[in-house]
Amino acid sequence: MKARIKWVEEVSFLGETESGHAVLMDGPPAGGGRNLGPRPMEMLLIGTGACTAYDVVHILKKARQPITDCVVDIQSERAETDPKVFTQIHMHFIVTGKGLKREQVERAIKLSADKYCSASIM
1 MKARIKWVEE VSFLGETESG HAVLMDGPPA GGGRNLGPRP MEMLLIGTGA
51 CTAYDVVHIL KKARQPITDC VVDIQSERAE TDPKVFTQIH MHFIVTGKGL
101 KREQVERAIK LSADKYCSAS IM
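So in the numbering used here, the last spot in the sequence shown is 122, and the numbers never skip.
Don't take every hint at face value.
[As the list claims (entries may be wrong)] Cβ pair distances, simulated, as ranges:
no.	residue 1	residue 2	range
1	F86	D114	16 to 26 Å
2	L36	E106	33 to 43 Å
3	R64	S118	18 to 28 Å
4	N35	D114	35 to 45 Å
5	A113	T68	15 to 25 Å
6	S118	K61	14 to 24 Å
7	E9	I94	32 to 42 Å
8	H58	G20	19 to 29 Å
9	K115	P29	33 to 43 Å
10	A79	D114	19 to 29 Å
11	K84	S118	17 to 27 Å
Calculated from the structure, these hints are not laboratory results.
The structure presented is a predicted model; accordingly, all values stated were derived computationally and were not measured.
All residues carry an ideal CB built from backbone N, CA and C; glycine is no exception.
Please construct the entire structure, taking both the sequences and the accompanying hints into account.
Written out as structure tokens, the structure is:
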């Protein structure tokens, strides 16, 4: 996997993925940014959420569960001092579908967390 990050101005950066997608990241005005896009750490957080949501949907579909929606609400905490890494990430899943089995949803979430979601396992 490859990506390229190009400095645009001040604290704005354009990220380009190997698959041909681009995203603008920026800092807050207090840090010299113009709030034109998400912060890099926000990108890590939503990437982690999307990774695990992808797994959960895929696992449930493979198990022929009637999933109609999947939302992951994420709350995180970061260290107070540099490098200010994530010290805690809590994900709350809202998975819906008519006749969806709770144990299948719990199994899918556990498999993602323990085995498949490379972003959250790092």
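For each hint, the structure was consulted:
{"no.": "1", "hint": "F86 <-> D114: 16 to 26 Å", "verdict": "18 Å, holds"}
{"no.": "2", "hint": "L36 <-> E106: 33 to 43 Å", "verdict": "39 Å, holds"}
{"no.": "3", "hint": "R64 <-> S118: 18 to 28 Å", "verdict": "25 Å, holds"}
{"no.": "4", "hint": "N35 <-> D114: 35 to 45 Å", "verdict": "37 Å, holds"}
{"no.": "5", "hint": "A113 <-> T68: 15 to 25 Å", "verdict": "22 Å, holds"}
{"no.": "6", "hint": "S118 <-> K61: 14 to 24 Å", "verdict": "20 Å, holds"}
{"no.": "7", "hint": "E9 <-> I94: 32 to 42 Å", "verdict": "38 Å, holds"}
{"no.": "8", "hint": "H58 <-> G20: 19 to 29 Å", "verdict": "22 Å, holds"}
{"no.": "9", "hint": "K115 <-> P29: 33 to 43 Å", "verdict": "41 Å, holds"}
{"no.": "10", "hint": "A79 <-> D114: 19 to 29 Å", "verdict": "25 Å, holds"}
{"no.": "11", "hint": "K84 <-> S118: 17 to 27 Å", "verdict": "22 Å, holds"}
The structure agrees with every numbered hint stated previously.
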